[in-house]
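Let chain A serve as the given structure and place chain B on it in line with the hints.
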Amino acid sequence: MAALETGRPCGQSCAGFGLPPGQLLLACARTAAEVLWTMEEGLRCASLSAIIGEVWGDPRALGFTATKRLAMRAERQGVHVFLVRFGGAAHLSAARERWRVRSLPSSPHPYDPKAPGSPRWQAELFKGRGMRPGMWEAGYDRAAHRLHLVPALRNGAMAVAAGPASPAGLAVSR
Amino acid sequence: MERWQWRQAQHRRQASPSAGEAAEDAAPLVLAREGPHGPVIHDVNAAARAADMRPGARVTDMRALIPDLVVAKAVPDQDAADLVRLAHWAQRWCPWTRVDGADALLLDTTGSDHLHGGEAAMLRDMKRICAGLGLTARLALAPTIGAAWALARHGGNGTICSPGGMADALAPLPAAALRLDAGTVLLLRRLGLKTIGSLAKVPREAMVRRFRRIEVPTCNPVIRLDQAMGRTREPLVSVQERAPLRVLRRLAEPLGDLDGLERILTDLAGDLCAVMGDSEAGARGLRFTAFRVDGVALTAAAATSRATRDSAHIVRLFAGKLDRLDPGFGVDSAALAVVDGEALIALQDDLTGETKEALAMAQLVDQLSARLGEDAVMRPVSLGSHIPERGEVFRSAVRPVKAGDYPVQRLGRAPLRLLGSPEPADVIHAVPEGPPARFRWRRKLHDVVRAQGPERIAPEWWREPGRSRLRDYYRVEDDQGRRFWLYREGLLSDGRGGRPAWFVHGLDV
Numbered sequence: 001m002a003a004l005e006t007g008r009p010c011g012q013s014c015a016g017f018g019l020p021p022g023q024l025l026l027a028c029a030r031t032a033a034e035v036l037w038t039m040e041e042g043l044r045c046a047s048l049s050a051i052i053g054e055v056w057g058d059p060r061a062l063g064f065t066a067t068k069r070l071a072m073r074a075e076r077q078g079v080h081v082f083l084v085r086f087g088g089a090a091h092l093s094a095a096r097e098r099w100r101v102r103s104l105p106s107s108p109h110p111y112d113p114k115a116p117g118s119p120r121w122q123a124e125l126f127k128g129r130g131m132r133p134g135m136w137e138a139g140y141d142r143a144a145h146r147l148h149l150v151p152a153l154r155n156g157a158m159a160v161a162a163g164p165a166s167p168a169g170l171a172v173s174r
Numbered sequence: 001m002e003r004w005q006w007r008q009a010q011h012r013r014q015a016s017p018s019a020g021e022a023a024e025d026a027a028p029l030v031l032a033r034e035g036p037h038g039p040v041i042h043d044v045n046a047a048a049r050a051a052d053m054r055p056g057a058r059v060t061d062m063r064a065l066i067p068d069l070v071v072a073k074a075v076p077d078q079d080a081a082d083l084v085r086l087a088h089w090a091q092r093w094c095p096w097t098r099v100d101g102a103d104a105l106l107l108d109t110t111g112s113d114h115l116h117g118g119e120a121a122m123l124r125d126m127k128r129i130c131a132g133l134g135l136t137a138r139l140a141l142a143p144t145i146g147a148a149w150a151l152a153r154h155g156g157n158g159t160i161c162s163p164g165g166m167a168d169a170l171a172p173l174p175a176a177a178l179r180l181d182a183g184t185v186l187l188l189r190r191l192g193l194k195t196i197g198s199l200a201k202v203p204r205e206a207m208v209r210r211f212r213r214i215e216v217p218t219c220n221p222v223i224r225l226d227q228a229m230g231r232t233r234e235p236l237v238s239v240q241e242r243a244p245l246r247v248l249r250r251l252a253e254p255l256g257d258l259d260g261l262e263r264i265l266t267d268l269a270g271d272l273c274a275v276m277g278d279s280e281a282g283a284r285g286l287r288f289t290a291f292r293v294d295g296v297a298l299t300a301a302a303a304t305s306r307a308t309r310d311s312a313h314i315v316r317l318f319a320g321k322l323d324r325l326d327p328g329f330g331v332d333s334a335a336l337a338v339v340d341g342e343a344l345i346a347l348q349d350d351l352t353g354e355t356k357e358a359l360a361m362a363q364l365v366d367q368l369s370a371r372l373g374e375d376a377v378m379r380p381v382s383l384g385s386h387i388p389e390r391g392e393v394f395r396s397a398v399r400p401v402k403a404g405d406y407p408v409q410r411l412g413r414a415p416l417r418l419l420g421s422p423e424p425a426d427v428i429h430a431v432p433e434g435p436p437a438r439f440r441w442r443r444k445l446h447d448v449v450r451a452q453g454p455e456r457i458a459p460e461w462w463r464e465p466g467r468s469r470l471r472d473y474y475r476v477e478d479d480q481g482r483r484f485w486l487y488r489e490g491l492l493s494d495g496r497g498g499r500p501a502w503f504v505h506g507l508d509v
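Residue numbers (my numbering), protein chains in the order written: chain A, 1 to 174; chain B, 1 to 509.
Pulled out of the complex, with its shape left as it was, chain A reads as follows (with noise of 0.2 Å):
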């Protein structure tokens, strides 16, 4: 479902965000139950680098519990695994950090004032364990290859030096 309402990944803009694309590696499942397989298979693997699932809506499946296996699993593993949800609310879940993310107008561009530029979102962590939950605005720095994060309220909340410094940081479990 999540495939047909937002397409799939495109190979070579990933090539853009530094991953190339012969590394990618899809797989399309059918229930949310086997999102969540697939993602557990894929966390046994030694040589992946990243997992993204990505789930629509609020599948039965997705509960606290199955959240929880991941993210112990990931712990152990120490592999990124990143669960991004479409068109759903946030209920209980067990994931270590969540974060609610919404496109913001991009930044201008440098030569053509009526383009686009880069693109920025509204990231909001709003749980998180051992950090303080707070809203940021995001840009991606294509050359210097990262995240920036700045704050969007100025409330101080500048102490969380943890911000996701891969690209995959675009993905985000909520």
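Keep in mind the hints are simulated off the structure, nothing from the lab. Beta carbons are placed, not taken as given, at the ideal position from N, Cα and C, and that holds for glycine. Check the hints yourself; a few may be wrong.
Said to hold, decoys possible - Among chain B residues calculated to face chain A with C-beta under 8 Å, some are: (1) Ala360; (2) Arg410; (3) Leu418; (4) Leu507.
Coordinates of chain B only, in the frame set by chain A:
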């Protein structure tokens, strides 16, 4: 001492088996195939041969000679397949058999004649059994392939030639018996060398000087003579196939539960891996078959993305599939077979650990595709096309894929996500070719704040019909910062249809 045996199975009887042997041989019968100018005789039986009919002649001419000639259609493909079957069947006499040409078999009976009561008794046995099958066999037994070939075709039927008497036995035979082509035989005839004996009397130096430049054996009588006399080696490569990689376990008691089936599978996988290790093979496709007591065979199949010999991995591949089998009243035996295999030598870990990582990745792909389906686990492959949905496609990761010959790298920015197929949108745009100002897509209205484009992609005239239109791609951002990749198909003035349509093709561009 090696002994070669030659057997010639004459053309298959096309007449019905109920017809008597005598009646069959009495009437001239020919097999015909299609020639460039009407049907041509493919082969003839003894009576027709006696009436001076030869393969290659036209059927109409022969009908003029014998009006009641019986003509049947030749099926050379089926004859060849039958001959292969016959070669396997002939392994009842010796383990090394081979098809030779269109109508002959070669058997290496070295060391197996005593099992049949000696050479003469073995030939009699062969003749009797072939006659039982309705085949006329011409047999000869000789120390070399060449001598056996010559004696079977041009010597007496059932000749047994000893190593000492080989030269004498071959001497009266015509030069054509040396497996030479017609041109060389004609050349030898013009030189006055009509028999093998006369050829053997020519000084060897002279023969070698005359034929030293010819390397094709069928044109070089020196090579053929040496082969027939046993002065050079000529090995016989048997049709023997590699044994199928299959293991079977029979159970003392029928087994009714699935847990037992899993345990059998574990045992079978261990057995199979030992068998594969012996023959340095690896499995790409596997089939598990459980035989139920009531005569039903239950099967489950699995495929791997690279050859494997890991029993634990094989068991994991079948994990979800055994549950679907219904043991019924019980399973009394089970087999695990490699349906698709390839050579797999032992892998050694290198210092960088890359082998291990690639192996782990391949195992993951197998695991996922075993449950989700082979086509659900994919990798992107770049192909040589600028049209986005054609330039990069996702192909199954199980089968190894090769990138196109000329993969295209996009210069412009591609969207992060590409829709499966472009979706139509209603767009308000500046006429005639301006960027979009507002569009409706999936029943939602988006106001375009910023737009960049167009990026024009021309149609691929060598693939598409001539009416296909070009595409102008725009990167578009709406008032909430959502970014789309839209394109307009065609121009108003290109003369290839009415007003151009707009499509949304990608997101997060």
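Can Arg410 of chain B be said to touch chain A, with a Cβ gap under 8 Å? holds, 5 Å
Is the hint on Leu418 of chain B kept, meaning its closest Cβ partner in chain A is under 8 Å away? This hint holds: Leu418 of chain B lies near chain A, its Cβ roughly 4 Å from the closest one there, short of 8 Å.
Against chain A, is Leu507 of chain B within 8 Å by beta-carbon distance? holds, 6 Å
Have a go at the Ala360 of chain B hint: is there a Cβ in chain A nearer than 8 Å to its own Cβ? holds, 4 Å
Every hint, counting from the list given before, is met by this structure.
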